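Chains A and B, in that order, are what the protein sequence lines are. For what it's worth, this note's numbering labels the leading residue of the first sequence as 1, then goes sequentially. For what it's worth, this note's numbering labels the leading residue of the second sequence as 1, then goes sequentially.
Hints were generated in silico from the structure; no laboratory data involved. Hints are supplied without guarantee of correctness; some may be wrong.
Claimed, not checked - Which bits of chain B does chain A cover? Going by a derived footprint, with three or more residues having C-beta under 8 angstroms, they are:
no., segment
1, 111-117
2, 144-151
3, 198-206
4, 214-226
5, 247-258
6, 390-401
Claimed, not checked - Covered by chain A, per the in silico footprint, the following chain B stretches (three or more residues, Cβ under 8 angstroms):
no., segment
7, 154-162
8, 406-420
9, 512-520
10, 538-546
Please read these numbers as outputs of a predicted model, since none were measured by experiment. Cβ atoms here follow ideal geometry from the backbone N, Cα and C, with glycine treated the same way.
2 protein chains.
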Amino acid sequence: MKVFSYFKRAIHGRPAYSGLLAIFTLSSGGFVAYSESQSDRGRQSVELNETEPKKKRVVVLGTGWAGTSFLKDLDVSSYDVQVVSPCNYFAFTPLLPSVTCGTVEARSIVEPVRNIIKKRNGEIQFWEADCLKIDAANKKVLCRSNLDEKLAGTNEFLLEYDYLIIAVGAQVNTFNTSGVLEHCHFLKEVEDAQKIRKGIIDCFEKAVLPGLSEEERRTNLHFVIVGGGPTGVEFAAELHDFLNEDLVKLYPTVKDLVKISLIQSGDHILNTFDERISSFAEQKFQRDGIDILIGCRVVSISDKLINMKIKSTGEVSSIPHGMVVWSTGIGTRPVVRDLMEQIGQGHRRVLATDEWLRVKGCDDVYALGDCATIDQRKIMEDILNIFKAADIDNSGTLTIEEFKNVIEDILIRYPQVEHYLKSQHLSDVTDLLKALKGNDRDGVDIEGFKAALCHVDSQLKSFPATAQVAAQQGAYLSRCFNRRKQCASNPEGPLHFRGSGRHQFRPFRYKHLGQFAPLGGEQAAAELPGDWVSLGHSTQWLWYSVYASKQVSWRTRMLVVSDWTRRFIFGRDSSRI
Amino acid sequence: MKVFSYFKRAIHGRPAYSGLLAIFTLSSGGFVAYSESQSDRGRQSVELNETEPKKKRVVVLGTGWAGTSFLKDLDVSSYDVQVVSPCNYFAFTPLLPSVTCGTVEARSIVEPVRNIIKKRNGEIQFWEADCLKIDAANKKVLCRSNLDEKLAGTNEFLLEYDYLIIAVGAQVNTFNTSGVLEHCHFLKEVEDAQKIRKGIIDCFEKAVLPGLSEEERRTNLHFVIVGGGPTGVEFAAELHDFLNEDLVKLYPTVKDLVKISLIQSGDHILNTFDERISSFAEQKFQRDGIDILIGCRVVSISDKLINMKIKSTGEVSSIPHGMVVWSTGIGTRPVVRDLMEQIGQGHRRVLATDEWLRVKGCDDVYALGDCATIDQRKIMEDILNIFKAADIDNSGTLTIEEFKNVIEDILIRYPQVEHYLKSQHLSDVTDLLKALKGNDRDGVDIEGFKAALCHVDSQLKSFPATAQVAAQQGAYLSRCFNRRKQCASNPEGPLHFRGSGRHQFRPFRYKHLGQFAPLGGEQAAAELPGDWVSLGHSTQWLWYSVYASKQVSWRTRMLVVSDWTRRFIFGRDSSRI
Numbered sequence: 001m002k003v004f005s006y007f008k009r010a011i012h013g014r015p016a017y018s019g020l021l022a023i024f025t026l027s028s029g030g031f032v033a034y035s036e037s038q039s040d041r042g043r044q045s046v047e048l049n050e051t052e053p054k055k056k057r058v059v060v061l062g063t064g065w066a067g068t069s070f071l072k073d074l075d076v077s078s079y080d081v082q083v084v085s086p087c088n089y090f091a092f093t094p095l096l097p098s099v100t101c102g103t104v105e106a107r108s109i110v111e112p113v114r115n116i117i118k119k120r121n122g123e124i125q126f127w128e129a130d131c132l133k134i135d136a137a138n139k140k141v142l143c144r145s146n147l148d149e150k151l152a153g154t155n156e157f158l159l160e161y162d163y164l165i166i167a168v169g170a171q172v173n174t175f176n177t178s179g180v181l182e183h184c185h186f187l188k189e190v191e192d193a194q195k196i197r198k199g200i201i202d203c204f205e206k207a208v209l210p211g212l213s214e215e216e217r218r219t220n221l222h223f224v225i226v227g228g229g230p231t232g233v234e235f236a237a238e239l240h241d242f243l244n245e246d247l248v249k250l251y252p253t254v255k256d257l258v259k260i261s262l263i264q265s266g267d268h269i270l271n272t273f274d275e276r277i278s279s280f281a282e283q284k285f286q287r288d289g290i291d292i293l294i295g296c297r298v299v300s301i302s303d304k305l306i307n308m309k310i311k312s313t314g315e316v317s318s319i320p321h322g323m324v325v326w327s328t329g330i331g332t333r334p335v336v337r338d339l340m341e342q343i344g345q346g347h348r349r350v351l352a353t354d355e356w357l358r359v360k361g362c363d364d365v366y367a368l369g370d371c372a373t374i375d376q377r378k379i380m381e382d383i384l385n386i387f388k389a390a391d392i393d394n395s396g397t398l399t400i401e402e403f404k405n406v407i408e409d410i411l412i413r414y415p416q417v418e419h420y421l422k423s424q425h426l427s428d429v430t431d432l433l434k435a436l437k438g439n440d441r442d443g444v445d446i447e448g449f450k451a452a453l454c455h456v457d458s459q460l461k462s463f464p465a466t467a468q469v470a471a472q473q474g475a476y477l478s479r480c481f482n483r484r485k486q487c488a489s490n491p492e493g494p495l496h497f498r499g500s501g502r503h504q505f506r507p508f509r510y511k512h513l514g515q516f517a518p519l520g521g522e523q524a525a526a527e528l529p530g531d532w533v534s535l536g537h538s539t540q541w542l543w544y545s546v547y548a549s550k551q552v553s554w555r556t557r558m559l560v561v562s563d564w565t566r567r568f569i570f571g572r573d574s575s576r577i
Numbered sequence: 001m002k003v004f005s006y007f008k009r010a011i012h013g014r015p016a017y018s019g020l021l022a023i024f025t026l027s028s029g030g031f032v033a034y035s036e037s038q039s040d041r042g043r044q045s046v047e048l049n050e051t052e053p054k055k056k057r058v059v060v061l062g063t064g065w066a067g068t069s070f071l072k073d074l075d076v077s078s079y080d081v082q083v084v085s086p087c088n089y090f091a092f093t094p095l096l097p098s099v100t101c102g103t104v105e106a107r108s109i110v111e112p113v114r115n116i117i118k119k120r121n122g123e124i125q126f127w128e129a130d131c132l133k134i135d136a137a138n139k140k141v142l143c144r145s146n147l148d149e150k151l152a153g154t155n156e157f158l159l160e161y162d163y164l165i166i167a168v169g170a171q172v173n174t175f176n177t178s179g180v181l182e183h184c185h186f187l188k189e190v191e192d193a194q195k196i197r198k199g200i201i202d203c204f205e206k207a208v209l210p211g212l213s214e215e216e217r218r219t220n221l222h223f224v225i226v227g228g229g230p231t232g233v234e235f236a237a238e239l240h241d242f243l244n245e246d247l248v249k250l251y252p253t254v255k256d257l258v259k260i261s262l263i264q265s266g267d268h269i270l271n272t273f274d275e276r277i278s279s280f281a282e283q284k285f286q287r288d289g290i291d292i293l294i295g296c297r298v299v300s301i302s303d304k305l306i307n308m309k310i311k312s313t314g315e316v317s318s319i320p321h322g323m324v325v326w327s328t329g330i331g332t333r334p335v336v337r338d339l340m341e342q343i344g345q346g347h348r349r350v351l352a353t354d355e356w357l358r359v360k361g362c363d364d365v366y367a368l369g370d371c372a373t374i375d376q377r378k379i380m381e382d383i384l385n386i387f388k389a390a391d392i393d394n395s396g397t398l399t400i401e402e403f404k405n406v407i408e409d410i411l412i413r414y415p416q417v418e419h420y421l422k423s424q425h426l427s428d429v430t431d432l433l434k435a436l437k438g439n440d441r442d443g444v445d446i447e448g449f450k451a452a453l454c455h456v457d458s459q460l461k462s463f464p465a466t467a468q469v470a471a472q473q474g475a476y477l478s479r480c481f482n483r484r485k486q487c488a489s490n491p492e493g494p495l496h497f498r499g500s501g502r503h504q505f506r507p508f509r510y511k512h513l514g515q516f517a518p519l520g521g522e523q524a525a526a527e528l529p530g531d532w533v534s535l536g537h538s539t540q541w542l543w544y545s546v547y548a549s550k551q552v553s554w555r556t557r558m559l560v561v562s563d564w565t566r567r568f569i570f571g572r573d574s575s576r577i
């Protein structure tokens with residue numbers, strides 16, 4: 001019964017999370033929370049450790065959500081860790097849209113990587129550089145620092161690794177639309193957000209200059225967002241608040257010329273969210289006067305015009321703009337693309353890993369976060385092996401008892417089984433067994449087994465490119481690294497249906513904790529686990545509490561909360577710096 | 001007796017200020033203090049006023065200390081005011097050195113100009129642009145906005161004025177030293193401070209990269225400051241604190257390679273300050289390990305080396321550097337230089353005004369702050385006219401009674417008289433009279449009068465290029481503008497010794513309230529009025545209270561104080577953004 005009760009818990013336990021979410025996040029204090037005080041800073045005098053040959057060298061590329069989360073819990077006593085990233089800080093990216101309008105300051109959402117790793121007693125080395133090339137065959141990476149060339153010494157260096165962790169994130173995806181790189185703002189990095197902030201003020205300062213026609217003023221004050229996903233929508237909402245709460249008072253002469261448009265190629269904005277949230281957001285934006293252009297595909301952008309095609313009619317229309325923010329999905333970075341060519345993944349869109357985050361086609365390379373996707377194993381691919389492994393007496397028929405012996409391994413190896421049961425409203429695995437036993441025999445043969453499981457793989461879907469997934473992957477991978485020795489002799493993973501024995505580790509499993517969509521005017525929408533949806537002002541307060549608690553350090557937590565307070569009292573700053 | 005008692009007060013009253021300084025500044029809340037709250041922000045709906053022909057058009061160039069201080073109190077009911085500045089904010093420049101190291105954030109020391117002028121009910125128009133050319137003959141200025149050329153509409157526009165206020169400040173003075181513009185950082189603008197902050201982190205990130213020799217690491221970590229004035233010294237102190245309190249803990253492997261050098265062409269650093277402060281600072285820097293290179297003149301700077309001449313020996317030596325900050329005085333901006341050529345001041349170093357801040361050689365143009373200097377009138381130039389004006393009975397001899405009639409006008413018109421009495425330890429004007437009466441006659445003739453006053457002009461010295469002077473000039477000028485009509489019929493100024501009647505306004509008089517030199521390690525030096533000198537930790541707390549109180553708004557005051565608090569608790573941020 002152990003198996004079945006586990007299964008029941010796994011399915012029915014979920015809705016209970018939602019109620020606990022706020023408390024959990026508040027009390028846990030976020031994923032990399034640590035206390036920092038003057039006394040802490042007193043400790044020092046750590047030295048570069050000499051490369052000890054017995055320690056395996058781990059090179060980590062990137063210090064975003066995935067990389068930082070991996071580093072946070074890694075047991076550095078067994079590894080020689082080197083971190084390479086073009087940013088010497090970790091940025092709390094979900095608050096980037098707030099930075100664009102000065103609701104939160106850029107510096108409040110970043111924490112120096114060295115602050116995070118100095119807690120590890122100097123066992124982790126950090127280098128501010130880009131990784132130019134991964135040589136997977138020779139286990140080397142070539143790096144180049146982006147620092148001022150005038151400074152003394154070379155900017156290029158080569159690192160050798162035993163294990164490579166690729167967590168470089170993704171870059172903007174322009175879908176080869178002409179003019180995007182030249183004329184659009186993006187929302188991937190902290191610098192992007194700072195540029196947008198300056199850009200908004202530029203548009204206003206330009207619009208009030210003497211000698212412009214009303215049409216020119218109107219053009220400069222037309223803000224266009226391309227992409228109706230969570231980032232685009234949150235930015236539109238932030239921008240609307242910034243304009244209406246702060247800027248129209250400082251630029252009263254042009255307040256009636258301001259306009260925000262949101263271009264979305266799909267039929268709805270926030271189309272990855274629950275339908276209720278999507279329509280709530282659309283209604284709120286309509287009331288706010290934000291123009292939503294549904295079903296439009298941008299074909300090109302010039303310095304003054306956006307040209308787009310209305311999908312339904314095929315008609316092409318142009319609108320003048322003062323500023324365009326492009327937020328339509330993510331693309332693969334050149335260094336990852338180059339690796340993909342090397343390892344025979346050149347035909348793929350994204351770097352593929354297995355469920356243990358190991359890059360397919362090379363050894364000892366792991367990839368996590370936005371730069372990779374997990375190629376989830378279909379149960380139908382392994383169905384014969386599963387049947388064989390379960391059918392201990394080789395009778396060609398699977399009894400319930402035999403099936404029970406492997407069910408836990410199946411559930412761990414193929415998470416889609418669990419989702420399938422849930423989607424079919426089957427309360428536990430016995431319902432699946434009933435289907436198997438439909439033919440009233442003692443067991444099922446291979447065809448019956450196939451038939452019972454043939455729809456399970458429809459539940460497979462790739463994980464979204466979110467901070468939540470990246471952070472969970474980082475934490476998962478560090479746990480694997482920490483237990484490497486232990487699990488080599490006592491593997492903890494499920495049965496190796498295709499081979500023999502067990503997998504060394506359990507595969508990665510994603511636990512969706514919900515997602516938010518702030519909609520401006522102190523309102524937000526949230527999709528919580530268990531299909532709960534929360535809308536309105538109270539949700540905004542939930543958002544405040546969750547985002548404050550998730551901050552990476554007490555310093556940034558204090559800064560973010562004081563930024564919010566400052567905004568409530570004094571509004572946002574419009575200085576162009 | 002009225003005159004003499006006034007005089008006594010003027011001289012003896014001074015020392016009392018010093019004790020009151022902290023309280024005064026705290027209670028006054030700074031020079032442009034105003035309360036800002038949500039309720040304030042509720043007011044709005046101001047419109048551009050149409051140019052009313054009856055109102056005189058005032059164009060103000062610049063929004064630094066002088067310009068902002070002028071705007072703050074200007075009575076906009078009688079003027080049509082247009083402000084042109086390349087920055088849409090006022091920056092509290094005395095805190096710039098703190099911004100370079102993140103002790104205070106850049107945004108905490110700036111206040112949008114529009115925030116300041118929106119209190120004036122829309123009577124002041126602001127345009128973010130540079131003034132390219134002043135056409136004093138036709139009373140026009142040509143302006144060009146520095147905003148993105150891609151935005152719709154022209155960037156150039158022409159403004160006509162009835163009165164022009166030039167408050168554009170100064171630019172860096174390289175003294176034509178080769179390589180300075182290419183390889184040095186400066187400390188004039190907010191952007192400069194932000195660049196320095198990034199540059200410091202760059203030097204450290206570069207110094208720890210793999211593959212550098214120890215010499216190269218040492219070069220990158222050699223920070224050189226050229227100029228031992230208040231700004232250079234404060235920056236050196238801030239930098240020393242940043243390195244020793246924060247960075248050495250994050251970059252422990254290179255902490256012994258860091259060095260700060262301060263190059264000063266004079267014999268002492270802080271040589272405009274009291275000698276006690278100067279030597280206190282030198283001793284403190286010596287203890288801190290900051291290398292002071294006295295009597296050295298920088299002859300050229302390359303990307304890796306500073307070449308300098310030791311003045312005493314004529315020897316030339318070179319030192320490698322990672323970063324150079326150039327802080328050696330100020331130069332004239334091109335637009336001001338161009339105006340000087342137009343009005344016959346081409347041979348001068350700085351734009352000259354009279355004591356009423358009117359630019360010499362053109363009409364209705366005023367200049368104040370760092371871009372101009374007051375050509376103070378020597379009493380000996382006017383000595384004959386003064387004698388004539390005082391000698392009412394035309395006897396050729398001046399009696400005490402006759403002198404008494406003009407003494408107040410003399411004191412107002414020639415402030416050096418007051419300084420002279422003070423320097424000679426003469427308690428009041430009767431001592432001057434005694435000297436006049438040395439020949440035991442009833443009065444003095446012109447030669448005796450000349451002899452008595454011949455040393456007075458030695459007390460003339462030009463005002464320093466400080467925020468304090470600029471702010472006082474702005475306030476003075478706005479008072480003149482506000483009283484223009486009133487004083488046209490009832491002039492309030494002193495006797496017009498060269499002409500007839502009285503000057504319309506009193507001339508500008510500078511009241512020195514003291515100056516600070518923060519020296520790092522929570523220590524500061526202060527020169528207070530009345531030749532008081534204050535040194536050490538308590539002075540740093542005086543500095544904190546004065547600088548907090550002087551903030552331009554409650555918003556920036558709160559931000560600056562919370563930045564200081566954050567620094568005390570968490571240290572400075574080393575993220576490279």
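Status of the hints after comparison with the structure:
Coverage of the segment 111-117 of chain B by chain A holds in this model, with 4 residues showing a Cβ closer than 8 angstroms to a Cβ of that chain against a need of three. As drawn, the segment 144-151 of chain B meets chain A at 5 residues by the rule of a beta-carbon pair under 8 angstroms; at three or more, the given contact holds. Only when three residues or more bring their CB closer than 8 angstroms to a CB of chain A does the claim for the segment 198-206 of chain B stand; here the count is 6, and the claim holds. Counting residues of the segment 214-226 of chain B whose beta-carbon sits less than 8 angstroms from any beta-carbon of chain A gives 5, enough to reach three: the coverage restraint holds.
Figure legend: the segment 247-258 of chain B, annotated as covered by chain A; annotation consistent (6 residues with Cβ-Cβ distances under 8 angstroms, at least 3 required). Restraint check on the segment 390-401 of chain B versus chain A: 0 residues with Cβ-Cβ distances below 8 angstroms, three needed, restraint violated. Counting residues of the segment 154-162 of chain B whose CB lies closer than 8 angstroms to any CB of chain A gives 5, so the stated coverage by that chain holds, three being the minimum. Coverage of the segment 406-420 of chain B by chain A is violated in this model, with 0 residues showing a Cβ closer than 8 angstroms to a Cβ of that chain against a need of three.
Coverage of the segment 512-520 of chain B by chain A is violated. Counting CB-CB distances below 8 angstroms, 0 residues qualify, and the rule asks for three or more. Three residues within the 8 angstroms Cβ limit are the bar, and the segment 538-546 of chain B against chain A gives 0, so the coverage statement is violated.
Going through the hint list in order, the structure does not satisfy hints 6, 8, 9 and 10.
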